[in-house]
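Chains A and B are the protein sequences, given in the same order. Going by this note's numbering, 123 is the number at position 139 of the first sequence; the sequence numbering is gapless. Positions in the second sequence are counted from 1; adding 1386 to them yields this note's numbering.
By construction, these hints were calculated from the structure, which means they are not laboratory data. Honestly, I wouldn't trust all of these hints.
What the hints assert, rightly or not - Calculated from the model, a selection of chain B residues having no Cβ within reach of chain A, i.e. all distances over 12 Å:
hint: 1; residue: I1388
hint: 2; residue: V1405
hint: 3; residue: K1439
hint: 4; residue: L1490
hint: 5; residue: A1525
hint: 6; residue: V1603
hint: 7; residue: R1614
hint: 8; residue: N1624
hint: 9; residue: L1675
hint: 10; residue: A1680
Stated by the list, open to error - Just so you have them, the derived chain A footprint on chain B, three or more residues with Cβ under 8 Å:
hint: 11; segment: 1527 to 1536
hint: 12; segment: 1658 to 1666
A quick note: this is a predicted structure, and the numbers were derived from the prediction, not measured. Glycine included, each C-beta is placed from N, C-alpha and C at the ideal position.
The primary structure of each chain is shown beneath.
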Amino acid sequence: MNGAITLRQPVERRKQRTLLGDAIRRFRRNALAMIGLLILFFLFFLALFADVIAPFPPDRADFGAVRVLPFTHPTYPLGTDAVGRDYLSRLIYGARTSMTVGLLVPLIGFSVGITLGALAGYLGGMVDFVVQRLVEIFTAVPPLLIALFLLSVTGSGLFNIIFVLSLTAWIEPTRLTRAQFLTVREKEFITSARALGATDGRLILTHVLPNILTPLLVAFTFAVPQAIFAEAGLSFLGLGITEPTASWGKMVGNSVGSTIRVFYHLALFPTILVALTMLGFSFVGDGLQEALDPTRSR
Amino acid sequence: MINFILRRLAAIFLVLLIVSALVFFLMNAVPGGPFSLGERGYTPDALANLERKYGLDKPVWERYLNFLTSALQLDFGSSFSVVGNPPVTTVIARTWPVTLHVGLYTIIVAFGFGFILGLIAAYYRNSIIDNIVTLFATAGTTVPNFIVATWLLLIFGYQIGWGQPNKWIIPPVLGAGNAILSWDYFLPVITYALLPMGLVARYTRASVAEALNADYVRTARAKGLGERGIMLRHVLRNALIPMITVLLPQIPNLLTGSLFIEVAYGINGLGKFFVTSITNKDYPMIMGLVLLIAFFWSLTYLLTDVLYVVIDPRIRVGGRGGAI
Chain A
-15 MNGAITLRQP VERRKQRTLL GDAIRRFRRN ALAMIGLLIL FFLFFLALFA DVIAPFPPDR
45 ADFGAVRVLP FTHPTYPLGT DAVGRDYLSR LIYGARTSMT VGLLVPLIGF SVGITLGALA
105 GYLGGMVDFV VQRLVEIFTA VPPLLIALFL LSVTGSGLFN IIFVLSLTAW IEPTRLTRAQ
165 FLTVREKEFI TSARALGATD GRLILTHVLP NILTPLLVAF TFAVPQAIFA EAGLSFLGLG
225 ITEPTASWGK MVGNSVGSTI RVFYHLALFP TILVALTMLG FSFVGDGLQE ALDPTRSR
Chain B
1387 MINFILRRLA AIFLVLLIVS ALVFFLMNAV PGGPFSLGER GYTPDALANL ERKYGLDKPV
1447 WERYLNFLTS ALQLDFGSSF SVVGNPPVTT VIARTWPVTL HVGLYTIIVA FGFGFILGLI
1507 AAYYRNSIID NIVTLFATAG TTVPNFIVAT WLLLIFGYQI GWGQPNKWII PPVLGAGNAI
1567 LSWDYFLPVI TYALLPMGLV ARYTRASVAE ALNADYVRTA RAKGLGERGI MLRHVLRNAL
1627 IPMITVLLPQ IPNLLTGSLF IEVAYGINGL GKFFVTSITN KDYPMIMGLV LLIAFFWSLT
1687 YLLTDVLYVV IDPRIRVGGR GGAI
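Bound-form chain A, shown alone:
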């Protein structure tokens, strides 16, 4: 016992790790998620630069080259459709339609949903009761059927599709935000913040919301492919996007018929793109979920 105690500095300096850095590292280690991300980059690229990449405008019809099979014509590498429009161009512009619907619908839905859910979860009482009943009524019928029915009222078209799909897109975020608020509301840091005199608005915006951002982000990545699917599905049924706008779902729907035996490309290419899009988003969503919530095991 010699009294002199030397405190030693830790030998290796641990690189500082942040929560976000950890999440990014976990995400990058996930092969499927990275593949999904690549697909999404590709699709966003197509959608953003459609006018530059596409060799022709999507609605330019060449009646001299109707239903050209793919890989047979020098000007139309992926063939043409029933009125002689370049299929490659239409596929590229279809990405734009899909992405427009896929991003706008969840954006609108989440803006409304987070507001409603926050109000219901935070205020409780009468507001909560009304919001809950509203959610109940809207969930009585599958969202796609609501959209289908409403489209028969409003008519088809890109704008109407976005409007109609937004009408049901708020339900999930509302439920999620409300549930999250209910759990976070009881936490100690909220009580202490309130004790320090934080106002309701400040509590909601700076204390509760940042803490529930993770599940909302994951829900958003899953809401995007849902909207894309809904648009493609409705267009497939012939009730969605109207001509001449290019939509993958519509292209599939138009192609299924007696001529498909020969003109297989009309069905094959758009279906591959839809499937890729859906898989891409779902891989990224799964990857995000795992990266942001390490306690979850698959």
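Model the placement of chain B on the given structure of chain A, informed by the hints.
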């Protein structure tokens, strides 16, 4: 419990009432009734006559009240556009059996194969087999079924030549017409089953894997119990609980069918009929079908909550708003 179910049934009734009102008034807010569609070329007099015949000349709220009073006696009116104007209930009774057949086979395929796949994946977890099953399940739940339908049609229907477009895909084997079990069902059922099968496989894997890691399984192993005994008596039994609560409620909504499957394969069932009713603005049919589907979905939710309580005694039927 009975009290809880009764209260929920009352809630379902209320929801159906509101849904019916919303649908009815929205439908009638659209300019152009069922008879001004397309180029039918009715003279104004004929149109007025037709509208009087179907009661469309009365104010909307009066029609809604009429509808309600007869709907309460399970009379949903007569179809506008189906030949011969049969009552809605008759049309539903005629189109639903096909949908029910497809749905029933789908349930069998989805639950049977999904369960086996999930079990295998859980038992060999984190191996290649597990990864393949998980990838398959993910693909099955994410790729839309009308896409899969188109692929199957491209391959089997058209290239191999199993069927004709817009007809049942494969000619019925057991006699003509709607055979109870015919190859007709093969492609639609495979397509329709992919999504629920993926769900079942995922949930089975998750809950079996969790049970395999549980303490009571380790105890059973330590006790020297055989592998089979452990799987059957300890693992499966406990894994079943979360599965039942999540998966059984899928059944009612599988029975109302899928629009996409029916439209893609040309099956004259409830889903395809719903689409044609909407394009034809066949008000009574739309009403009847929406209410039917809403009823089945509400039943799904009720079933979920009831199963939770029945299976897991730790969950008590709470106050307002139901279980959980």
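These are the hints, each one checked on the structure:
no., hint, result
1, I1388, "holds, 22 Å"
2, V1405, "violated, 5 Å"
3, K1439, "holds, 23 Å"
4, L1490, "holds, 20 Å"
5, A1525, "violated, 7 Å"
6, V1603, "holds, 17 Å"
7, R1614, "holds, 26 Å"
8, N1624, "holds, 17 Å"
9, L1675, "violated, 9 Å"
10, A1680, "violated, 4 Å"
11, 1527 to 1536, "holds (count 7)"
12, 1658 to 1666, "holds (count 4)"
Hints 2, 5, 9, 10 from the earlier list are contradicted by this structure; the remaining hints agree with it.
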